[in-house]
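Colleague: Take a look at the letters that make up each chain.
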Amino acid sequence: MERSFDLDLDAGAHALSAPPPRAPRARRLKVPAAGDARSLGVKTALAGVSIGALFLLWYLGTRYRVQFYIRFHDVPTPFDVFREAMHTVGSRQFAANVGNSLRRIFAGFFVALVSGVALGLLIGRYRIVSRLLMPAIEVLRPIPAIAWVPLSIMLWPTTESSIVFITFIGAFYPILLNTVDGVESLDGVLLRAGRCLGASEAQLFRHVILPGVLPNIFTGLAVGMGVAWVSLIAAEMISGQYGVGYYTWEAYSLVNYPAIVLGMITIGALGLLCSGAIRLVGQWSMPWLAYVNGARK
Amino acid sequence: MSNTDQGRIDCRHIGVVFGSGDARTEAVEDVSLTVEPHEFVSLIGPSGCGKSSLLSIVAGFTKPTRGTATLDGVPIRKPGAERGVVFQQYSLFPWLRVRENVEFGQKMAGVSRAKRESTARTLLGLAGLLAFENHYPDQLSGGMKQRIGIVRALAANPRVLLMDEPFGALDTQTRTVMQEILTNMWQRFRLSVLFITHDIEEAVFLSDRIYVMTARPGRIKAEIRVPLPRPRTPAMFDTPEFVELVQRLKNLIREESLAAMGSELASGGVDGFSIDMGPNGVEEML
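So the sequence lines, in the order shown, correspond to chains A and B. According to this note's numbering, the stretch in the first sequence is residues 397 to 693, in order. According to this note's numbering, the stretch in the second sequence is residues 788 to 1073, in order.
The set of hints was computed from the structure by calculation and includes no laboratory data. Glycine included, every Cβ here is placed at the ideal spot set by N, Cα and C. The reader is advised that the hints may include incorrect statements.
[Claimed, not checked] Covered stretches of chain B, as calculated for chain A (at least 3 residues, CB under 8 angstroms): (1) 839 to 851; (2) 862 to 868; (3) 888 to 901.
[What the hints assert, rightly or not] Facing chain A, a subset of chain B residues (Cβ under 7 angstroms, in silico): (4) Val872; (5) Gln876; (6) Pro881; (7) Trp882; (8) Tyr923; (9) Asp925; (10) Gln926; (11) Ala943; (12) Phe976.
Chain A on its own, in the form it takes in the complex (with noise of 0.2 angstroms):
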């Protein structure tokens, strides 16, 4: 009781800062230490490992020509294939195929990213426009991309915008449910938090509800690129010209199968670059992610 009357009114304000600043009890940044450089080297040997293995089972299968319900008698081996590699990758016309199924993915994946994100956005935020749109969207989504491949060549006038639009339809899906799931599962109390420190509907869309719903966005797009993928190649062989999976359906015509696995490799390899590209733009742009606690163990 005596001390109070010891302090001023307005010495109330150094003990503002009575408590001790404890280090903070959560994970810190991320430091290379001695620890995380073993189990990198453990991460690496078994990844080596998987892979390693795929080869050999490859390798064992086309050297002892196995014929044991599935036939690897006319599958070529690792060699056959990396000697296929060895004068095509360089080629002209190689470059042609990548860079046409690199130019459609593209522009298909970033119309679906737009326009998923923005039709997601406001279908998860005003029930009117979900109501009005998605009744339409869950009548569609069940058709596969695939499935739109004749219809599509219909529809557009060249070749490389049908299949363009059936790149989209692939990626389209994943991306704006994603959205709207996110928008939806968004903790009120931060859209509350949001208005009270004075925040418009459009500034809580940029400041509030995007970075917020941008972990969904995210996970649409990995699962969008791989469908993506999976609908341009679909495409490609039903109705291309140039691009890897009519590299990879026209060696099978020409019966060069060494020609056959280097295009699935390709694909392979084009696919993952693309989900890899997208996992770094992800880490880059939500680094806060780093210190949420997952299930992980």
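Based on these hints, arrange chain B on the given structure of chain A.
Modeller: Here is chain B on its own, set in the frame of chain A:
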């Protein structure tokens, strides 16, 4: 920070009804209360008495079924920056660093980067958090997050601060420290505060005035002035005045908790057991 005589909250004959027909629940029945400029007012009462509903009305999140709420004579219709809110749940934006969180309100208001940065750093310094300005919320403890929540609300330069059980999720030690920090901050800024809590000691330690609410439907049962001098210090927890006032409030609340339980039990519910009582509450009742 705030202008001299701004920040008067006036609630008149507020009534809140949820649902209709059989599901109709009268949460709040005819509550009138005021918070004068620079006054720290607490609202306490048993669980479910509608104290959070009242705060939500003043914040502008919900509309009352009856009655009006005004700030400085202007009716409250929607949330606004002139009424800062500190939530019970952690409400920092996890994608923003601590300082960016604190700058949020000023950024929305279009304040220049340099100005809002200096405001944020000053306030974070006062709260002893400047060392953490570049951390993300998920790197911090619960008590720090709530302190930043308070700093963020203050940085938007509100006329009143509305606090909805801000320390409810914290452990006892952290709570005590937070109460001390809050009373020191209030001493400095002298904002009008409407503070919701079910912790009687907390209400007495912080407040100029305390409204005690009845069990549902919530009404004002008593209005009690806290005669303890300012600034408040933890030593006051042991003074006879403090202990006596707490005891008086406990008795008031216990009557209400009993009433709430009686009606819950009568209607077959057991939710009433979650209400807050003194350590001997249940034994005394039975």
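Colleague: Hint compliance check: list the failing hint numbers for this structure, sorted ascending.
Modeller: The structure conflicts with hint 12 only, although it agrees with all the remaining ones.
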